[in-house]
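Sequential numbering from 4 applies to the sequence shown in my numbering.
Rather than coming from a laboratory, the hints here were simulated on the basis of the structure. Keep in mind that this is a model prediction, so the values were computed, not measured. Treat the hints with care, since some could be wrong.
Distance ranges between label pairs, derived from CB positions [said to hold, decoys possible]:
| no. | residue 1 | residue 2 | range |
| --- | --- | --- | --- |
| 1 | A49 | S173 | 53 to 61 Å |
| 2 | K44 | G159 | 49 to 57 Å |
| 3 | G29 | T78 | 20 to 28 Å |
| 4 | R30 | E147 | 52 to 60 Å |
| 5 | D88 | R124 | 21 to 29 Å |
| 6 | D88 | G215 | 18 to 26 Å |
Cβ coordinates follow ideal geometry from the N, Cα and C atoms, glycine included.
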Amino acid sequence: MERLDKRLAATGKWSRREARDLVRAGRVAVDGAVCRSPEQKVSEDAPVTVDGVSIGAHGPVYLMLHKPAGVVSSTDEPGARTVLDLLGEEYQNIGLFPAGRLDKDTEGLLLLTNDGPLAHRLLAPKSHVDKVYYVEVDGVLDQEDVEAVRRGVTLGDGYECLPGELELLSDNCAHITLREGKYHQVKRMLASRGKPVTYLKRVRFGPLELDGALPRGAWRPLTEEERKAIFSQ
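Construct the complete structure from the given sequences, taking the supplied hints into account.
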């Protein structure tokens with residue numbers, strides 16, 4: 004059993020304050036009955052709706068998705084195919100959202116959850132959760148690039164990136180590790196080095212590694228070991 008406002012906030016769509024306001028406004032129903040008490044305790048499987056739309060009867064859900072290129076990391080973008088469109092019907096309308104985004108043309112590991120507090124913790128700048136990408140560039144990567152990433156690259160707009168790691172795999176391929184997630188950061192960092200990115204794939208997010216058995220567009224629930232690992236962050 005948990006408080007109704009906490010159950011709503013766990014979807015990641017509303018803050019606790021917004022959830023309380025929704026309840027007090029009479030917009031939330033539990034098992035078909037309007038509830039105006041944010042403190043009311045509800046079970047994990049109790050059907051809850053906001054303005055008649057179900058937030059799902061599930062408790063917290065944690066999915067690993069191998070995002071393909073051409074799909075947006077959004078829950079609702081008119082005219083675009085979103086990551087939620089890749090999931091089964093049972094995972095629709097239960098408040099799932101990506102914990103951190105990938106660009107439309109970037110592939111790789113994406114964590115989908117309806118656990119707002121966990122996602123907030125993983126994405127908080129002070130958490131410094133490692134994000135590892137496999138990258139290919141137009142150009143030749145060298146030791147000067149390794150040192151630049153280690154020091155912290157300064158982007159064209161003057162932003163100074165936190166120090167990262169660049170592990171060379173070949174002349175034009177590498178693994179790059181970041182501890183922040185600015186807009187198009189990997190692409191902007193390497194473009195500033197005169198080596199534009201031609202392919203980008205996230206292979207690790209914190210303790211989670213992309214399952215090699217997951218083809219592009221496929222997904223699976225996290226294992227118990229993976230769930231313990233993300234909660235230990």
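**Request:** Using the beta carbons of R30 and E147, state whether their distance is inside 52 to 60 Å or not.
**Result:** Given a distance of about 57 Å, which is inside 52 to 60 Å, the answer is holds.
**Message:** Between the beta carbons of A49 and S173, is the distance compatible with 53 to 61 Å?
**Reply:** Holds: the Cβ-Cβ distance is about 54 Å, inside 53 to 61 Å.
**Asked** Do the Cβ positions of D88 and G215 conform to the proposed distance bound of 18 to 26 Å?
**Response** holds (24 Å)
**Request:** For the range 20 to 28 Å, tell me whether the beta carbons of G29 and T78 fit it or not.
**Result:** holds (25 Å)
**Asked** Do D88 and R124 keep their Cβ atoms within the hinted range of 21 to 29 Å?
**Response** Holds, since D88 and R124 (Cβ atoms, about 27 Å apart) stay within the stated range.
**Prompt:** Within 49 to 57 Å or not, the Cβ separation of K44 and G159?
**Reply:** holds (52 Å)
Violated hints: none; the structure is consistent with every hint.
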